[in-house]
Amino acid sequence: MKELAQLLNEMQQADVIRNYALFGASAQMRYTEPVATLDAAVLVAVNSAERPDVLRDIYDFCAAKGYVPEGESIRVGAWPAQFVPAFSPLTADAMEQAETADFEGVAFRVVRADHLAVIALSAGRAKDLTRILALLESGSVSRDSIKSLAARYGLAEAWQRFEDRFLND
Amino acid sequence: MLERQAQWQKSRQALTWPEKIRMVEQIRESVRQLRAHPQSVPR
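Chains as they are written, first to last, in the numbering used here: chain F, 639 to 807; chain L, 295 to 337.
Rather than coming from a laboratory, the hints here were simulated on the basis of the structure.
Where a beta carbon is used, it is the ideal one built from N, C-alpha and C, also for glycine.
Beta-carbon label-pair distances, calculated as ranges:
id, chain 1, residue 1, chain 2, residue 2, range
1, F, Tyr-697, L, Leu-296, 45 to 55 Å
2, F, Tyr-697, L, Met-295, 41 to 51 Å
3, F, Ala-701, L, Met-295, 46 to 56 Å
4, F, Ala-674, L, Met-295, 17 to 27 Å
5, L, Arg-329, F, Asn-806, 41 to 51 Å
6, F, Ala-761, L, Ser-334, 29 to 39 Å
7, F, Glu-710, L, Glu-319, 13 to 23 Å
8, F, Gly-704, L, Leu-296, 41 to 51 Å
9, L, Arg-329, F, Val-706, 17 to 27 Å
This is chain F alone, in the form it adopts within the complex:
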């Protein structure tokens, strides 16, 4: 994971990407107990967003450093890294407002807990709903903060359904 952090910082310094932030289960683990996951998901802002092959520059940069594609990911050390362009207002804000963590001495941008919860709410799969519960249980995010953030992105009803289903007696 440290290798991925270094690669992403180099990619940003080389202006291949404008910004990035780790999200998904790997980011969740910053706030909760460890969870099983297959890959490391990274939100990226690319300079060539209007091109059909938006990830081309990223793949070229990685290939030049010896990191090769593996399915829909690029293997970086122990981790298949999946690059996801931040196109929606929610993911773009989550990436821009990410925190910079210290990962074994390397700066690593990570999506905040409240944004992780609302991204999970918008995805709505079983594992996403479990993620919200884990973030709440860890105390890294409150129901009120998720509620206000969800409302900002048109997810107030989705949050109400989640509360009714899992949190309200």
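Using the hints, position chain L against chain F.
Okay, now just chain L, sitting in the frame of chain F:
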């Protein structure tokens, strides 16, 4: 049993983020090795 589980959960949450990531990496590596050498799995 519930008290023990709560204590284990607390101890896992107390790990640093890199330690948690390392734990997942080790589990994945163990699974990879077991898949590569299934005969080493206790029957």
